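> These are the residues of each chain, in order.
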Amino acid sequence: MTHRCLLQMVLLLCFSTTALSRSYSLLRFQQRRSLALCQKLLRQLPSTPQHCLEARMDFQMPEEMKQAQQFQKEDAILVIYEMLQQIFNILTRDFSSTGWSETIIEDLLEELYEQMNHLEPIQKEIMQKQNSTMGDTTVLHLRKYYFNLVQYLKSKEYNRCAWTVVRVQILRNFSFLTRLTGYLRE
Amino acid sequence: MLALLGATTLMLVAGRWVLPAASGEANLKPENVEIHIIDDNFFLKWNSSSESVKNVTFSADYQILGTDNWKKLSGCQHITSTKCNFSSVELENVFEKIELRIRAEEGNNTSTWYEVEPFVPFLEAQIGPPDVHLEAEDKAIILSISPPGTKDSIMWAMDRSSFRYSVVIWKNSSSLEERTETVYPEDKIYKLSPEITYCLKVKAELRLQSRVGCYSPVYCINTTERHKVPSPENIQINADNQIYVLKWDYPYENATFQAQWLRAFFKKIPGNHSDKWKQIPNCENVTSTHCVFPREVSSRGIYYVRVRASNGNGTSFWSEEKEFNTEMKTIIFPPVISVKSVTDDSLHVSVGASEESENMSVNQLYPLIYEVIFWENTSNAERKVLEKRTNFIFPDLKPLTVYCVKARALIENDRRNKGSSFSDTVCEKTKPGNTSKTWLIVGTCTALFSIPVVIYVVSVFLRCVKYVFFPSSKPPSSVDEYFSDQPLRNLLLSTSEEQTERCFIIENASIITEIEETDEIDEVHKKYSSQTSQDSGNYSNEDENSGSKISEEFPQQDSV
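From first to last, the protein sequence lines stand for chains A and B. With the working numbering applied, the first sequence corresponds to residues 1 to 186, in that order. With the working numbering applied, the second sequence corresponds to residues 1001 to 1560, in that order.
Honestly, the hints are just simulated from the structure, not real lab data. Note that the structure is a prediction, hence the values are computed from the model and not measured. Glycine included, C-beta positions come from ideal geometry on N, C-alpha and C. Treat the hints with care, as some may be off.
[Said to hold, decoys possible] Here's a subset of chain A near chain B, in silico, CB distances under 8 Å, partners left out:
(1) 92
(2) 113
(3) 127
(4) 144
(5) 146
Next comes chain B alone, as it looks inside the complex:
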């Protein structure tokens, strides 16, 4: 029983020793392999999975994806540590997808390969720090920057001329005032103060791929003391028919000037190009602050221009370089615009070519786009619109307002060209608006309605006037009824006809009195009546008291 137990224990213990040996391969395999690429240097790092680090070495191979040709990486064969590095030179090609594999070895045992995910080295590489060389002037620092990687770099061989560099510069005394500038490989940083220590660091950028590199170490340099001869400033170049006029500012006296130019593309190429600056003809040893040279001298292109002054005390540093594009000076004539008010809230603008430009072939060469500026005449707020069409409308304007428009022609997509000068300003008033129209309609209606009213009022007034000043001699119509007999009527109205009298014979005077009395009572009631009294108008002076109420006159009545 005991023996059985002992034998089992022995076997178990022995088994424990044996088992690790059998699984040794799996244990050795490296883990967590990481690759870092900076410029042309590949850094491989991994973890070893076995506890005992002694006698374990690692080897790495690579192959181009798709081929079946594993090659050894000479920097990474039988490495005892857990990292190694190799150069892209070994790979020969960084623009293709490659596979890496790594395994561990211990004596004759090798682990299985750990295969790294395939990758394109160029896309994974980090841009390293560039190499910077500085030279100081009094108000500027000259930079000479070499691209990242070595001269024989494979990684950046095809991007040598594409790098741009971002420089951060500050005064050593106060790191707060930092300035960042983007420069070419051979460039200058201007607007510095003399006799100050400046420090800077530079990083390379591949702008169009949006890739940024690491910063270089910090370099510091002292600017020199102020130079005895100051440099010219504010260089300007204008084209005028067949000549260029180069002008600069120099407020000091007694100096001669020298101007040079450089083709702009040289700035992109790393390396020294100081020998590529060429003297501008007619601009050597000039005493005035301008010089004139013919257009034929330069072939078409983009240039940098610089000027320096010399007097008895010496020669100044070069001025700031001014970029100048010969294409910029292509003459474009200002357009001709006409403005019409179409509706109350919009203006129709028509842009045409001036007569001179009709003949030029410029318009066929360069498709034009128009920059149109328009504003309300009373305010200064300008609106700028870019229009390709030659007929367009400005909508949503205020009615009955004066708007002014001016335009200039630009070459489409070519912002470097200044374009034409502005056309003449044309102002136009918008038509009256809907609200005014409403008022107009209301006014018209009111006028229409008020006419009858006015006529009525006027006629009433006239009648009053007539009543007061020009009484009508026409008898009231009721009188007419009574005097319907022709003769009496004729007596009243006209005396032209022959009249015959008719006589009434009064037989009894008392009857008349009775009649008068009854009439009297009626009269009292009918005193204010507008109707004609039935009384035939007998005047009675006998009884004043009783007959006092009898009206002595025929009441007038107006007939309407």
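For reference, chain A alone in the conformation it holds in the complex:
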């Protein structure tokens, strides 16, 4: 009798782990939807004045972001989470000088927050399994990039021009995120 019980337990465990082993299809779907919404919201914000964009700013965007396909699934998740978190961080700062709609920014923040919530359990799982990967170095490079953006905003005292420049950067980030999400295949 105990032998049979054991077999049942093993089978039950197999079912459970099959269920738990993440299928990223829902995640991909939700994320694509969320990113599309974020881009739409961001585009609704006015991008004037144009002259602000004329100055070339180099924020040292990491080289890795030029090639989305090189990331492994787990590294991609880490990178996506980090980027969402940093964009969230930037958008919580003072944008009153821009005259942007608070509702739009709040909707954006909501989307980012929900997407981060979806990713958190997966991210936790990945962090526990791996100690240091390519993902970690990329994350550090990303932090430096976003830190440069924040320092730029601070140095310009969060004025309209600075925010316009940052907005363009964030739009590019969303494009990269969309590409990266597309590579999250089984």
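Based on the hints, put chain B in the right spot on chain A.
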């Protein structure tokens, strides 16, 4: 000789003085350099290798790894003691690997540089204690926690919104009853008692990086006396088609209520967001313990909801905040299951969508996963299985047992959604098992074998019956031999044919007696023989004594 000795001694002594001066550089170099980083403060500590500490100063430089541009650290130039500190502001960037070097100086002499192993400050930094501000209610304490480091902190600039705080709270009177809770920067600790002094300490955590900070100092505060107007409790929100129904408990009378909600992400952002709580329409000054508002009012997302009561005596504190996800209420229809018994130890389950959900696009939007619960009809022990497939088998069951199955649909990977309600319970009995089958086979074989036996027994019985009740009129076969002549046979068996008599003429009576006597002896021996007596059956009444043994009848014999 003596002079030579004296000169040598002099030279040796002089040499001793000279030599230290020549190796002064190597002696000065600092040793055992340690770096501690807490928030934005870098603490450098080292040991000086020279015995005389006077007039020795130390300076430190840094550079970003890979560049060749050593910069002076302004907090650590010409330091007389063996430690110095500087801020990360000087570094400008804490996310890159930096190199530090330090050397000692004495007058114009400088030691060689001691180079510290390159490191990334952000990865080595320790999270410092957060700044805590408290406010007391009667049954709760409101916390306002500022992230570690200053407002202009560089180290944690990118993590401001990621910190979570672990609070340990206890009653001042007994430190045994400790409670630990994880809170947001602006949060409340509930379920406290009024008019008690509580003490707490807080530490910051970066959960996803598994980094924990130092505890803050202990703060103590008194909860107020019980408020005249109690707060509502047990808030619940249900979705119903196009409306939300907000309900709460309030067992007291004569109160009006007010409900507010806040978008959940504000909790992550440090700072005061009391102005971000918005009034829920249709839920202001309601007198009943529920209110109804349409779904369009809120955009999709996660919210916190709170309610407070007011009556003649004043207004209560806000109730406990209830998290509420609009996505949670996406309607998923319960699935339809069918169960079949395939073999004796397994059941095949097939999960299908109900008719209503066939039309909804929900299933295409959200990949579904099924939570299947099944149990033996007689016992209460339930087994829960999560299945993505719509056709699967439960193996290793008991044969000839009734099992019941019910299932509900969940959105895969989205635990916040409650999923559908349970489908109808379907029960099915497993087929008879191998052991029963064995018995069946044995039974069948036994039956097969027993049939001939039974037939044999029955026929024996019938023969007995026939023997007793229906004796056969057929003569034994030996008689037949003797009466093989047709006429006599005919006489015995039937009288239909014409019979002719044949006569025997007996010439001598003594011959007969002799024959009888010899026969008599034979008869004695053959008394119990089943064979037919050879005697032709002459009845003799003359000698009763001698011929008494002669059987008067034809012995019957049965022929099988």
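> For every hint, state whether the structure bears it out.
Evaluated hints:
1. For residue 92 of chain A, the suggested interface contact is upheld, since its CB lies about 5 Å from the closest CB of chain B, less than 8 Å.
2. Taken as an interface hint, residue 113 of chain A checks out: its beta carbon lies about 4 Å from the nearest beta carbon of chain B, inside 8 Å.
3. Of the supplied interface hints, the one on residue 127 of chain A holds, with its beta-carbon coming within about 6 Å of a beta-carbon of chain B, less than 8 Å.
4. Contact between residue 144 of chain A and chain B, as hinted, is supported at the beta carbon level, the nearest pair being about 4 Å apart and thus within 8 Å.
5. A hinted interface residue such as residue 146 of chain A counts as satisfied when its beta carbon comes closer than 8 Å to some beta carbon of chain B; here the least separation is about 6 Å, so the hint holds.
Violated hints: none; the structure is consistent with every hint.
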